[in-house]
Amino acid sequence: MSRVLEGQKRNFLFIVMLGVILILAILLVWNLMGNKGETKNSAGGVSSSSSAPSEGGQQTSTPPTGRGDHKCDVPVAPDKAFSGEVPSDYQFKTSAVGIVYPVSASVGPTYTPAVVGYCFAHNPTGAAMAAAQVTAVSGDSRASGEELKDLFSASVRENLDMSVAKPVRDTRIAGYEVEQYSPERAKIGVVVLVTREGESKQTAMKFTLPLVWENDDWKVDVNPDTVEPVLVTRVPEQVFKANGGKS
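Going by the numbering used here, the residue at position 73 of the sequence shown is 343; the numbering climbs one at a time, nothing skipped.
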């Protein structure tokens, strides 16, 4: 009798142990499956948040915001400190508006992070090149509003409306006149050859822009929408040849 009871007891303990082992096995499998799913979801979340392409399959990017913290330091020779002569190395670019304008590696702009350029020489020629660029790129559809506003002084920047300008044809910056100059301020008359709608002959118009030396660069100190062009009938003091300058 005792042997029978002892055998039944052993069978009962075996069944209990088998049940415990089975429960532990189920819990282990459950945990492994749950962790695998969480790891997969976590990896997928990181992947989608860090490298998900925007519509069109391209990576999103931060719009250009202007010069930023770039330091301008354009060297000016002592004998050029008050020179207003056209730089010898100028070349032409064309804005999205359709205006051909000069740029110079030596006078400026010497820093162009996106569409428009910054950092001009601290002399009359640098002021003239800055004025010429603003005349051409104001309303350029490729440039962000912040890029364009950074070409203007702090006193007028916040009130500017950087809307896209209507494209023009056969229009280029032909030259300039340094009307006033001091190391702190300048007034530049930018002469533009324009082709009016319905006409084939170009007309010379002058846009006079005041500039200030601010944050180590020339900034236009007027809302361009308020500048009234005047007709000119004589060749400006400084002329940009149509085929560009020579280094």
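In case anyone wonders, no lab produced these hints; they're calculated from the structure.
As the structure is a prediction and not an experimental result, all values here were calculated from the model.
Glycine included, C-beta positions come from ideal geometry on N, C-alpha and C.
Wrong hints could be hidden among the right ones.
What the hints assert, rightly or not - Just the calculated beta-carbon pair ranges, DEER-fashion:
{"no.": "1", "residue 1": "G468", "residue 2": "A384", "range": "31 to 37 Å"}
{"no.": "2", "residue 1": "L501", "residue 2": "H340", "range": "23 to 29 Å"}
{"no.": "3", "residue 1": "P453", "residue 2": "H340", "range": "20 to 26 Å"}
{"no.": "4", "residue 1": "E428", "residue 2": "D486", "range": "18 to 24 Å"}
{"no.": "5", "residue 1": "G415", "residue 2": "P499", "range": "21 to 27 Å"}
{"no.": "6", "residue 1": "V509", "residue 2": "P383", "range": "28 to 34 Å"}
{"no.": "7", "residue 1": "S411", "residue 2": "P345", "range": "15 to 21 Å"}
{"no.": "8", "residue 1": "S433", "residue 2": "S470", "range": "38 to 44 Å"}
{"no.": "9", "residue 1": "R504", "residue 2": "H340", "range": "35 to 41 Å"}
{"no.": "10", "residue 1": "P345", "residue 2": "R439", "range": "23 to 29 Å"}
{"no.": "11", "residue 1": "S470", "residue 2": "F352", "range": "23 to 29 Å"}
{"no.": "12", "residue 1": "E469", "residue 2": "R427", "range": "34 to 40 Å"}
Cross-check of the supplied hints:
no. : hint                    : result
1   : G468 - A384: 31 to 37 Å : 35 Å, holds
2   : L501 - H340: 23 to 29 Å : 39 Å, violated
3   : P453 - H340: 20 to 26 Å : 21 Å, holds
4   : E428 - D486: 18 to 24 Å : 21 Å, holds
5   : G415 - P499: 21 to 27 Å : 24 Å, holds
6   : V509 - P383: 28 to 34 Å : 30 Å, holds
7   : S411 - P345: 15 to 21 Å : 34 Å, violated
8   : S433 - S470: 38 to 44 Å : 29 Å, violated
9   : R504 - H340: 35 to 41 Å : 39 Å, holds
10  : P345 - R439: 23 to 29 Å : 38 Å, violated
11  : S470 - F352: 23 to 29 Å : 40 Å, violated
12  : E469 - R427: 34 to 40 Å : 35 Å, holds
Consistency note: the structure conflicts with the earlier hints numbered 2, 7, 8, 10 and 11.
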